[in-house]
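So the sequence lines, in the order shown, correspond to chains R and H.
Numbering-wise, the first sequence is residues 0 to 219 according to numbering that gives the first Met the number 0.
Numbering-wise, the second sequence is residues 0 to 268 according to numbering that gives the first Met the number 0.
Hints in this document: simulated from the structure, not taken from any laboratory.
Fair warning: there could be bad hints in the mix.
Stated by the list, open to error - Selected chain H positions facing chain R (Cβ under 10 Å, derived; list incomplete):
id, residue
1, 64
2, 180
3, 233
To be verified - Sample of chain H residues facing chain R (criterion: CB under 8 Å; computed from the structure):
id, residue
4, 17
5, 20
6, 73
7, 74
8, 155
9, 159
10, 160
11, 163
12, 164
13, 177
14, 228
15, 235
Remember, it's a predicted structure, so these values are computed and weren't measured experimentally.
Quick reminder that beta carbons are idealized off the backbone N, C-alpha and C, glycines included.
Here is how the chains run, residue by residue.
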Amino acid sequence: MSLTTLLVLADGRLPAGGHAHSGGLEAAVSSGRVRGMADLDGFLQGRLATAGVVTASFAAAACADPQRWRDLDAGLDARTPSPALRKASRAQGRALMRAGRILWPVPALDRPAAQRIAPHHPVVLGAVAHGAGLVPRDAAVAAAYGTLTGPATAGVRLLGLDPFGAHALLAGLAGACDRIADEAAARAGDPVDTLPAAGAPLLDIGAEQHATWEVRLFAS
Amino acid sequence: MRATARVVAEANGRGGTRLTVLRGESPLLLRRTGPDGGAGLTVHLVGGAAGPLRGDDLSLRIEVDPAARLDIRSVAASLALPGPPGRPASRLRIEARVAAGATLRWLPEPLIAAAGCDHRAVTVVEAEAGATVVWRDDLVCGRHGEPCGQVRTDVLVRYAGATLYRHELAVGADAPGWSGPAVLGSSGTGGAYGSVLLAGPPVTATAAPAGPAASPAHGTAVIMDLAGPGRLATAVGADIRAVRAALDPLCERLGEPPEPQRDQAMATA
Numbered sequence: 000m001s002l003t004t005l006l007v008l009a010d011g012r013l014p015a016g017g018h019a020h021s022g023g024l025e026a027a028v029s030s031g032r033v034r035g036m037a038d039l040d041g042f043l044q045g046r047l048a049t050a051g052v053v054t055a056s057f058a059a060a061a062c063a064d065p066q067r068w069r070d071l072d073a074g075l076d077a078r079t080p081s082p083a084l085r086k087a088s089r090a091q092g093r094a095l096m097r098a099g100r101i102l103w104p105v106p107a108l109d110r111p112a113a114q115r116i117a118p119h120h121p122v123v124l125g126a127v128a129h130g131a132g133l134v135p136r137d138a139a140v141a142a143a144y145g146t147l148t149g150p151a152t153a154g155v156r157l158l159g160l161d162p163f164g165a166h167a168l169l170a171g172l173a174g175a176c177d178r179i180a181d182e183a184a185a186r187a188g189d190p191v192d193t194l195p196a197a198g199a200p201l202l203d204i205g206a207e208q209h210a211t212w213e214v215r216l217f218a219s
Numbered sequence: 000m001r002a003t004a005r006v007v008a009e010a011n012g013r014g015g016t017r018l019t020v021l022r023g024e025s026p027l028l029l030r031r032t033g034p035d036g037g038a039g040l041t042v043h044l045v046g047g048a049a050g051p052l053r054g055d056d057l058s059l060r061i062e063v064d065p066a067a068r069l070d071i072r073s074v075a076a077s078l079a080l081p082g083p084p085g086r087p088a089s090r091l092r093i094e095a096r097v098a099a100g101a102t103l104r105w106l107p108e109p110l111i112a113a114a115g116c117d118h119r120a121v122t123v124v125e126a127e128a129g130a131t132v133v134w135r136d137d138l139v140c141g142r143h144g145e146p147c148g149q150v151r152t153d154v155l156v157r158y159a160g161a162t163l164y165r166h167e168l169a170v171g172a173d174a175p176g177w178s179g180p181a182v183l184g185s186s187g188t189g190g191a192y193g194s195v196l197l198a199g200p201p202v203t204a205t206a207a208p209a210g211p212a213a214s215p216a217h218g219t220a221v222i223m224d225l226a227g228p229g230r231l232a233t234a235v236g237a238d239i240r241a242v243r244a245a246l247d248p249l250c251e252r253l254g255e256p257p258e259p260q261r262d263q264a265m266a267t268a
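Start from the sequences, fold in the hints, and give me the full structure.
Below you can see the structure in the form of structure tokens.
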């Protein structure tokens, strides 16, 4: 693997649309559930233990075998009851697919079916990581970390939180991201039904409420 | 304590349902309740002992044959308790098979995660195309004023040969952020979560509209169209009353045989 290649893939400045999504934080702020740094900390911990674990697992599985993308995509559909979150995930998948296929060869996503469906973001992330010559653990760590950076920076924009403090939360969760990535890589070949499925009810509820707003800063 | 229970329902050939197997052992005891002669039958789980406690290993198998209709309820909430120290987590595994044209409604009372409990619930539902499934699960995070014990739930629902819904939820000290604003909210102790899954043709034809549901006092709820043939209503509240206020009305309506008046009631609800 190339560490620099992983940094390119995980960089928030990769033009793949990630900046448009708050990972559910905008809805949590609006509902009054996140008001300050301590709430953001709890939000990030819960998001990492649920969406982060699922995203990392599916990214690792797709990186291990990109030909499984259809089954993995269906597995994420079954794990994402919220239509708004399915839509957001496919939008981010489409944006990353566009960027990733320009940067690296990603044969699994060249198929017309993949182009038409626009697989969920974790599946695209894994397939692109494979194309970039990365290994499942790399894909998983980029995925787990990527579920945190959106809401952490959104907290700064939405609540005016101290940006150093918000990034300190990310630094504090680095060990947890590493452990999640280890586990995701170890289970990358598991059948789809047995892969992690940790749900976060308030992320689902918040996403559905958020999708009805006429004016919002973030797409999800 | 190890216990298994099994219930098998089949059509009786006269538009009704009969039970061909109804077998259980303490603490998983099943009792046939309700009137004869209707299209469907009701079976209640009656607690035969305290628990589940650590070390318990319980298994329930439900089979609903073509055109049969079965409701399963419970007479009281189940209370997951610590039990003897050093024992493994208590386990409850529920497997259900629902045939084409059959209806299964699982509508139990809540599970309460008492302080110090360690409980794991695994649910596997396999429904054929044309089956109707209503699957309700409510969870209360601790009794009044006590910290929540550890509960992990793991649900797999397959419909017409494909996975329709797969969901895990972990609460308690080992689950990071579970009582935070991404998962169940800061109302940790005494907070409640409930969901009702509706799978099958009547659901898409007659269910309440999807979208944010009328949020009950001290809670929030939503009805979501799944990617496959089904819907999920989810509610989170400061207590179980908020969850019930959101989900009970849905459960009363869904999975009933289609009737014009009922459809009208749902359309205007």
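Checklist line | Hint numbers not upheld by this structure, sorted from lowest to highest | finding: 1, 4, 5, 6, 7, 9, 10, 14
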